[in-house]
Amino acid sequence: MTEQKTQSTITKFFTRRDTLKTMGAAAGLAAGSQLLSGRYAQAQSSEPIKIGFQAHRTGIGASYGRWYERTTMAATQLINDAGGINGRPVEIVTEDDGTDPKRGAEVVEKFAIQHKTDIVFGTLFSHVVIGSAPRAGELKIPYFVVSEGHHVASGKLNRYVLQPGITDVKSQVQSMAPWVGSNLGKKVTMIFPDFAFGHDHRDYFSAAIAAQGGEVIEKIAIPPTEQSFFKYFPRIPKETEVLYHVMVGPAVLTFVKELGEFFGKDRPQIFGFIDSLEAVDLANPGLEALEGTYFWEGFPRYAQNDGANPHDAFYREKVGVDANGASLSDPKDISTYAHMFGCWETLYIIKQGMEAADYKGPADRAKLIEAVESFTDFPEGPEHPQGAKIFNGQTHQVFGIQNISQVTDGKLKVVHRTSIEDSLYEPEVDYTKMAF
Amino acid sequence: MDGSICMDFGPYLLLASLEGAVQAAVLALTAVGLSLVFGVMRVVNVAHGEFFMLGAVLAWWISNMLTGSPLFGFLAALIFAPLIVAGLAAVADRLILKRLSYDPEATIVATIGLLYIIQQGALTLFGPDARPVAAPFDFRVSFPWFGYSGYKIFVILACVLVLLGVWALLTRTRIGLIMRATQFDRETAQAFGIPVARVYTGVFAFGAMLAAVAAVLIVPTQQAYYLMGLDPLLLSFIVVIIGGLGSLKGTVLAAAVIGLSDGIITIFFDPTLAKILSTILVAMILVFRPTGLFGTATR
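Respectively, the protein sequence lines represent chains L and E.
Just so we're aligned: 1074 in our numbering is position 125 of the first sequence, and the numbers increase by one with no gaps anywhere.
Just so we're aligned: 229 in our numbering is position 51 of the second sequence, and the numbers increase by one with no gaps anywhere.
Some hints could be false.
Pairs of lysine to aspartate or glutamate residues, derived as EDC-like cross-links and limited to a Cα-Cα distance of at most 16 Å, are as follows [unchecked claim]: (1) 1214(L) to 1230(L); (2) 453(E) to 1175(L); (3) 453(E) to 409(E); (4) 1281(L) to 1271(L); (5) 1360(L) to 1240(L); (6) 1281(L) to 409(E); (7) 1187(L) to 186(E); (8) 1065(L) to 1313(L); (9) 1281(L) to 1313(L).
Going by beta-carbon spacing under 7 Å, a handful of chain L positions derived as facing chain E [what the hints assert, rightly or not]: (10) 1172; (11) 1210; (12) 1213.
Sample of chain E residues lacking proximity to chain L, with all beta carbon distances greater than 10 Å (derived) [as the list claims (entries may be wrong)]: (13) 190; (14) 247; (15) 318; (16) 347; (17) 356; (18) 366; (19) 373; (20) 463.
Please keep in mind that the hints were generated in silico from the structure rather than gathered at the bench.
Remember, it's a predicted structure, so these values are computed and weren't measured experimentally.
Ideal Cβ placement from N, Cα and C applies to all residues, glycine included.
Only chain L is shown next, with the shape it has when bound in the complex (with noise of 0.2 Å):
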């Protein structure tokens, strides 16, 4: 019963904000357009490159859907301010999703058959990618996920589907293990979403922490539109040493509070995905039981000033968010920090691979993805602000620094940083190998 509210828009050169102004506007200008690009579209050289952007506008993503598309719309202004793709300007058409599979495999297929867009792009929540991931690759159309799953990696999509801008969680969850096993403890009970990408944290840190000699004692699975989660604390055993969380939806606020209301001052070490906390305010009242408490965060929320990270308050500024990781314009409305950068990375990857294979327009979709999978790092700089990347085009997946963060002061303090050779696996698959 979940009917979204569906906003086309096209939002080139704009703000978010001023795309709603100007939405109806925006909406005659895209029926316009659209009959002028069917009939001229091979004439015209400076026509834009389209980027569909299926977005979580509504839904239990919504949050991280406000933030991916100011970070899409910040990155997509500095490259056409730079002269756009190939000398083409890049238009971003933003679909609602609703975080809804079925509504994504719709707005894949809206993107490849209406808008007609040169490729998609920005999906984060799983369950969404695995749902939209066949349509894309039915309608031959690329599709850049920015979702931290393992199934692009796993070999359960489809070539069309890459994931160059963020890291997975396998490769996450196998870099901090040992960090975690030496120094928090070896007795592990795992608290994580009943969707797929929960049990990759559940599959994969499971692995990850027996290889260092620990154990998972525990794998308590909750639903994701759970809203109270007092009742599943008691399950945690006592000889727990850490509890491992990682929780998403909108009740990620009550199932913290929740947590540190059970425990009060006698608790394990806990350790949890920021995702369990990602666009919430840090001093929400009940916080406070966090202090002392792990984190992983792929991008530091507050702003480190420890030199590890030189391109950040660049990126920072030009995405909107302060030294606190909230909005300049409202210091209550918080970012999804960790995440979002992957929203940045991955355009300039695609802008990298257009270039690369002389991107002219659909025809060339699969040069694109050649293109991309010949790629194999990526340094750091301002187009790469999270730190350098080395990316494996057999699998589709990039691998990347991961930052463990301490609540000290109500702050997020980063404690530990990994390599990017401790987070490399074996390749589960050879996407190359497969035709287009």
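Starting from the known structure of chain L, arrange chain E on it as the hints suggest.
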């Protein structure tokens, strides 16, 4: 899933019962509203969960507008959010249900439409994010084995008080008498000079108000969210079917059974199993006792 029991059985059961009691109390309040509307008006209000959601969203809005102590904001929300929801429900009754002459089939379709209008209205005006509402007070009750939210214990007591109030209203006041008379036989009541149209509007508004009160009470332990109306709606239907449509006693009893068993089964086994069992229970009731435990045949 191992389902291994890690606390001792006693404290474990205590926690399960507390969690179950919170759910049962809120559910009873929500479902009584649904049951009342059906009992008196014979209208199956599919939009009931959206009135619950509206209560929570308005609680966020009101408590955010008022600066000062969370207690003040909460009390204002507890008074005004249900009144606003009741007002909207009264308007919906006059504009929609009355014009359909309260035809059972037509009102189901109409309230489905109302569900989407309210839900999408909330999405447009309130936005897609989950927003926290501060609890009026925040203390942790420390049991020897685990800590528990003091506010949740207050929620149980508050729901029981409101339910007692509803019971007194229905059985001890003239308004209650008029409502029961209308429920018993609409035409005879009208013949005796009872303004049935106004009673209907009042009952529909009152039912929506009860859902809103339940939402304001529980929202500080959750977050206000535009899709939060679905679960209360489904659970309320389950409870009302088991208890017997239109029977308040049955509704409260069924809410206690469903709420407690959900809390306990989730803790000892699995949340999905709890949902499976309550759905099977509904199926069994529909097969063997279609009027519910305490229901009477439709007149």
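Structure-based check of each hint:
1. Between residue 1214(L) and residue 1230(L) the alpha-carbon distance is near 21 Å, which puts this suggested pair outside the 16 Å criterion.
2. Under the criterion of a C-alpha separation no larger than 16 Å, the hint pairing residue 453(E) with residue 1175(L) is consistent with the structure, at around 12 Å.
3. Using a Cα cut-off of 16 Å, the hinted pair residue 453(E) and residue 409(E) holds, with the two alpha carbons roughly 11 Å apart.
4. Simply put, residue 1281(L) and residue 1271(L) have alpha-carbon atoms about 11 Å apart, close enough for the 16 Å limit, and the pair holds.
5. Between residue 1360(L) and residue 1240(L), the direct Cα distance comes to roughly 9 Å. Compliance with the 16 Å bound is thereby established for this hinted pair.
6. Between residue 1281(L) and residue 409(E) the alpha-carbon distance is near 28 Å, which puts this suggested pair outside the 16 Å criterion.
7. A distance of roughly 10 Å separates the Cα atoms of residue 1187(L) and residue 186(E); the hinted pair therefore holds under the 16 Å criterion.
8. With a CA separation close to 14 Å, the supplied pair residue 1065(L) and residue 1313(L) stays within the 16 Å bound.
9. For a cut-off of 16 Å, the pair hint linking residue 1281(L) to residue 1313(L) is broken: about 44 Å separates their Cα positions.
10. A distance limit of 7 Å between C-beta atoms decides the matter here; for residue 1172(L) the minimum to chain E is near 6 Å, and the interface restraint holds.
11. Against a cut-off of 7 Å between C-beta atoms, the interface hint on residue 1210(L) holds, since the closest Cβ of chain E lies about 5 Å away.
12. Interface restraint check: residue 1213(L) against chain E, minimum CB-CB distance 5 Å, threshold 7 Å, status holds.
13. The beta carbon of residue 190(E) sits about 5 Å from the closest Cβ of chain L, which is not more than 10 Å, so the claim that it is off the interface is violated.
14. At the 10 Å boundary, the C-beta of residue 247(E) stays outside the reach of chain L, the nearest C-beta of that chain being 12 Å off.
15. The Cβ of residue 318(E) does not lie farther than 10 Å from every Cβ of chain L; its closest approach is about 6 Å, which violates its non-interface assignment.
16. Distance check for residue 347(E) against chain L: the nearest CB is about 29 Å away, which clears 10 Å, and the non-interface claim stands.
17. Interface exclusion of residue 356(E) from chain L stands, the closest Cβ pair being 35 Å apart, more than 10 Å.
18. Taking the minimum C-beta to C-beta distance to chain L, about 38 Å, the non-interface status of residue 366(E) holds against the 10 Å cut.
19. Chain L leaves residue 373(E) outside its interface by the beta-carbon criterion, the shortest separation being 35 Å against a cut-off of 10 Å.
20. Distance check for residue 463(E) against chain L: the nearest CB is about 23 Å away, which clears 10 Å, and the non-interface claim stands.
Checked against the numbered hints listed earlier, the structure breaks hints 1, 6, 9, 13 and 15; every other hint is satisfied.
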